[in-house]
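*Asks:* Now for the letters of each chain:
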Amino acid sequence: MAEIATWGVIAALGVATFATRLSFLALLGEGELPRWLRRILHYVPPAILAAIIAPQLLAGAPGLGASFDGPRCAAALAGFAVAYFTRSTFASIAVGMAVLWGLTLL
Amino acid sequence: MTTPDRDSSIARNQAFLAGARACLPLSPGVLLFGMVCGAAAAGAGLTPGQSFALSWMVFAGSSQIVATQLFSVGAPAWVIVLTGWIVNLRFMMYSATLAQQFRGESARVRWLAGYLLTDQAFAVTLARVLDSRRDIPWFYLGIAATLWLLWQVASLGGIYLGARVPANWSMDFVIALTFIGVLAPLLRDRAMAAAAVSGGLTSVFLVLPLKLNLMAAACIGAAVGIGMETLWPKSRPGA
Numbered sequence: 001m002a003e004i005a006t007w008g009v010i011a012a013l014g015v016a017t018f019a020t021r022l023s024f025l026a027l028l029g030e031g032e033l034p035r036w037l038r039r040i041l042h043y044v045p046p047a048i049l050a051a052i053i054a055p056q057l058l059a060g061a062p063g064l065g066a067s068f069d070g071p072r073c074a075a076a077l078a079g080f081a082v083a084y085f086t087r088s089t090f091a092s093i094a095v096g097m098a099v100l101w102g103l104t105l106l
Numbered sequence: 001m002t003t004p005d006r007d008s009s010i011a012r013n014q015a016f017l018a019g020a021r022a023c024l025p026l027s028p029g030v031l032l033f034g035m036v037c038g039a040a041a042a043g044a045g046l047t048p049g050q051s052f053a054l055s056w057m058v059f060a061g062s063s064q065i066v067a068t069q070l071f072s073v074g075a076p077a078w079v080i081v082l083t084g085w086i087v088n089l090r091f092m093m094y095s096a097t098l099a100q101q102f103r104g105e106s107a108r109v110r111w112l113a114g115y116l117l118t119d120q121a122f123a124v125t126l127a128r129v130l131d132s133r134r135d136i137p138w139f140y141l142g143i144a145a146t147l148w149l150l151w152q153v154a155s156l157g158g159i160y161l162g163a164r165v166p167a168n169w170s171m172d173f174v175i176a177l178t179f180i181g182v183l184a185p186l187l188r189d190r191a192m193a194a195a196a197v198s199g200g201l202t203s204v205f206l207v208l209p210l211k212l213n214l215m216a217a218a219c220i221g222a223a224v225g226i227g228m229e230t231l232w233p234k235s236r237p238g239a
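Just so you know, the protein sequences line up as chains A and B, in that order. The numbering used here puts the first sequence at residues 1 to 106. The numbering used here puts the second sequence at residues 1 to 239.
Careful: at least some of the hints might be erroneous.
To be verified - To spell it out: a stretch of chain B is covered by chain A in this simulated footprint if at least three of its residues, at any positions, have a beta carbon under 8 Å from a beta carbon of chain A; those stretches are:
hint : segment
1    : 104-118
2    : 178-191
3    : 194-203
What the hints assert, rightly or not - Covered by chain A, per the in silico footprint, the following chain B stretches (three or more residues, Cβ under 8 Å):
hint : segment
4    : 29-37
5    : 165-173
Just so you know, these hints were derived from the structure itself, not from any lab. Glycine included, every Cβ here is placed at the ideal spot set by N, Cα and C.
Modelling step: build the complete structure from the supplied sequences, incorporating the hints.
*Replies:* Below you can see the structure in the form of structure tokens.
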């Protein structure tokens, strides 16, 4: 992408994000989100987070013939267990990376 | 002798400092995530200025990573903006909740509060609202501004130091683990878990043109979550 286009994308994403954050704060809290919108917004974060994580667990490219990479899956499971029970992102990264390095060095 | 004005300005300062201190337990995770975001942007071929602009213009880790990944695979501009923005739609919910606390504040304060809005600042402030504290706006600005500062410092660190980390350390996997750390605590009911599993499966097995995979995963995951909640209300306790 041309440098000027890259700047345009960053600025557009920045303005759109700022507008989203400002929405109700600027309107002085007059109003509530409709229930259907709240439900959509509630389920988007887990869906998109999982969608970013999952392709990183593959041995190759995504697609119908995708195959998973053993050490990365084991490291992800270990990180998930730590994050689920401790709620600490930091501990989850430390344990997950230790498992990945341990398994790839073996 | 103190005037009411002076008293209220002391109370504001105290609330602001209490907010800044509340940031301390969060700081290791924030610093690490910020460095990862800075290093990822620089590693994807963005200039240092562009990488840093993501951190202060967008100022949202997940969205920055999404945009970075889409930049590196050459997605069209509108797909990057739209997908990165969908990740940030949740801020609208936070904005609606926070607005009730900011009714008496000036427009300038409310705009600043909006710019600084993040998951962590919102979550910690909400806990204080539920404790019925009265100093919410300045406490919020204290934690939100401190998080902003940590994020910018960490991003700059990542932008300039990221390239020095050897490739065989698999540091790209830190991104996946960071997101796992954010995702795991969200999965407290079956509807949320179903949204996550369907989003993950979509991105693994479905390949769409124009790098629309993440957008498709968000839509399918949200539809499955809402479907679960509607067909099987027990899958979301407390709803």
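*Asks:* Hints numbered earlier in the text: which of these fail when held up against the supplied structure?
*Replies:* none
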